[in-house]
Each structure stands twice: as C-alpha cells, then as structure tokens.
Amino acid sequence: MMMKTAGIHGFYPVVDDVRWLRRFLHLGVRTIQLRIKAQSATVVQRQLREALAIAAAYDDCQMIINDYWREAITLGASWLHLGQEDLAGADRAAIRAAGIRLGISTHSPEELATALQAQPDYLALGPIYPTTLKKMPWSPQGLARISEWKTRCEIPLVAIGGITLERAKAVLEAGADAIAVVSDVLGAANPEDRVRAWLDLFRTAAATTPIRSAAQGTAP
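1 is the number of the first residue of the sequence shown in the numbering used here; add one for each residue after it.
Accuracy of the hints is not assured; some may be wrong.
Said to hold, decoys possible - Pair ranges (Cβ atoms, derived):
hint, residue 1, residue 2, range
1, Ala-118, Glu-148, 32 to 40 Å
2, Gly-187, Gln-84, 35 to 43 Å
3, Ala-144, Arg-19, 35 to 43 Å
4, Thr-208, Val-43, 36 to 44 Å
5, Arg-96, Glu-154, 13 to 21 Å
6, Ala-57, Glu-192, 16 to 24 Å
7, Thr-204, Ala-38, 19 to 27 Å
8, Gly-187, Ala-41, 24 to 32 Å
9, Arg-46, Ala-98, 15 to 23 Å
I should point out that these hints are in silico values taken from the structure, not numbers from a laboratory.
Just so it is clear, CB atoms sit at the ideal spot from N, CA and C, and this is done for glycine as well.
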C-alpha cells in the first residue's frame with residue numbers, strides 16, 4: 001500500500017519534536033514526519049517511541065520517522081523517510097523485511113533515478129521555492145519540475161520547501177499529491193490555527209477534485 005494522500009492525508013507537516021504531535025494530531029492531521037536533529041541517542045529513542053504510541057491512537061495516521069532506520073526497525077515503525085545520503089548507508093533489505101514503507105528525498109534528475117531504483121512508496125521533491133529553513137546546495141525546483149516528476153513516476157509525489165498556504169493551490173495544480181510543510185506552520189503566530197487552515201484547504205481540494213487512481217498517488 002502506497003502513501004495515502006487524499007484529503008487531509010495530503011497535508012504533511014514535518015516537526016522536530018514529539019510535542020507537536022500532541023498539538024496537531026487531535027486537530028485532524030493524519031500524515032506527519034518527526035525529524036529530530038542534534039539530539040542524543042537516548043532522546044531520539046524516547047521521542048520516537050512516544051511519537052509512535054501517540055500516533056497509534058489515531059486511525060490512518062501515517063507517522064513517518066526521518067533518518068533513523070535502525071530505530072524504525074527496532075520500534076516497529078510503519079513509515080520511514082530517507083535523504084539521499086541516508087539512503088546510501090541504509091540497509092534497504094532490512095527495512096523492507098521489516099515491512100516499513102519508504103519515502104525518499106530528491107533534488108535532481110540523478111537523485112530521482114537513484115530513488116526510483118530503491119522502489120520507494122513515495123518521493124519528495126524540493127525545494128520548490130526558496131527556503132531559509134536550512135542552507136541547500138540546490139536551486140528552487142519550481143512548479144514545472146513537479147509536473148515533470150509526475151510524468152516520470154507512478155507513486156505519490158510530495159512537494160517541499162518554501163511552500164506557504166498561499167502557494168499551496170498552485171503546487172497542487174502542478175501535480176503534487178501532498179505538501180510537506182515546516183516553517184509555514186511551526187513559525188506561525190498560532191500553529192494550531194495555521195494547521196486548521198491547511199486541513200481546510202485539503203478538505204476543499206478533495207471535495208472539488210476528481211479522485212485519481214492509485215498509480216497517481218491516492219491509494220487507499
């Protein structure tokens with residue numbers, strides 16, 4: 001089963017602490033990534049374990065662990081996201097044997113080819129727009145690249161990087177199945193209100209857009 005992206009599943013916040021899961025999941029968020037950086041192994045283990053327990057209380061919640069593939073296997077996670085460097089060092093056979101579904105970041109045609117060889121369950125493309133979240137060696141991809149990527153893969157495509165609520169409609173119209181959001185939510189004056197607005201956008205999109213096939217990224 002590929003990633004669910006229909007309706008609210010298409011809103012994909014990326015958070016840096018388990019506390020955000022407590023704040024967002026009860027609002028209706030059903031796809032979320034926990035990306036922990038610069039923390040001790042003890043803190044990482046505790047946060048991942050707690051996040052998986054919180055997510056388990058919500059039906060259809062796709063709780064995605066970033067990077068820590070060994071911990072994902074040990075803790076029985078269902079979803080994992082890897083960047084290109086992490087992918088190169090990961091034991092893909094062990095990940096698959098554990099039944100973990102995989103998402104992979106891409107930033108160039110070469111990285112797309114590498115990712116597709118790993119047979120992921122979804123792809124991420126970014127940065128779509130300029131982003132100040134972290135220094136990146138890649139130029140903004142733009143909307144046209146989303147459309148190009150969709151012609152080259154038959155799995156869900158997640159757009160990420162500099163995407164605000166105001167830019168979301170254009171990103172979806174370009175072909176993205178889901179939108180990963182960081183600063184637009186975590187940096188908002190009221191993150192909960194911003195999350196509600198994003199969820200409303202995806203509910204509206206689901207109500208007004210014909211349901212696409214599983215090969216186009218809305219597998220049940």
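**Request:** Given the range 24 to 32 Å, decide if the beta-carbon distance of Gly-187 to Ala-41 lies inside it.
**Result:** Cβ of Gly-187 to Cβ of Ala-41: about 28 Å, so the range 24 to 32 Å holds.
**Pairwise beta carbon distance, Thr-208 to Val-43, judged against the given window 36 to 44 Å** = holds, 43 Å
**Request:** Return holds or violated for the Cβ distance of Gly-187 and Gln-84 against the range 35 to 43 Å.
**Result:** violated, 26 Å
**Message:** Given the hint of 16 to 24 Å, is the C-beta distance from Ala-57 to Glu-192 inside that range or not?
**Reply:** Since the Cβ atoms of Ala-57 and Glu-192 sit about 18 Å apart, the hinted range of 16 to 24 Å holds.
**Asked** Holds or violated: 35 to 43 Å for the Cβ distance of Ala-144 and Arg-19?
**Response** holds, 37 Å
**Message:** Taking the Cβ atom of Thr-204 and the Cβ atom of Ala-38, is their distance within the range 19 to 27 Å?
**Reply:** With Cβ atoms ~38 Å apart, the hint is violated.
**Asked** Does the Cβ pair Arg-96, Glu-154 satisfy 13 to 21 Å?
**Response** holds, 19 Å
**Prompt:** How does the Cβ-Cβ distance of Arg-46 and Ala-98 compare with 15 to 23 Å: does it lie in that range?
**Reply:** The hinted range 15 to 23 Å holds for Arg-46 and Ala-98, with Cβ atoms some 21 Å apart.
**Asked** Has the hinted range 32 to 40 Å been met by the Cβ atoms of Ala-118 and Glu-148?
**Response** violated, 20 Å
Consistency with the previously given hints fails for numbers 1, 2, 7, ordered from lowest to highest.
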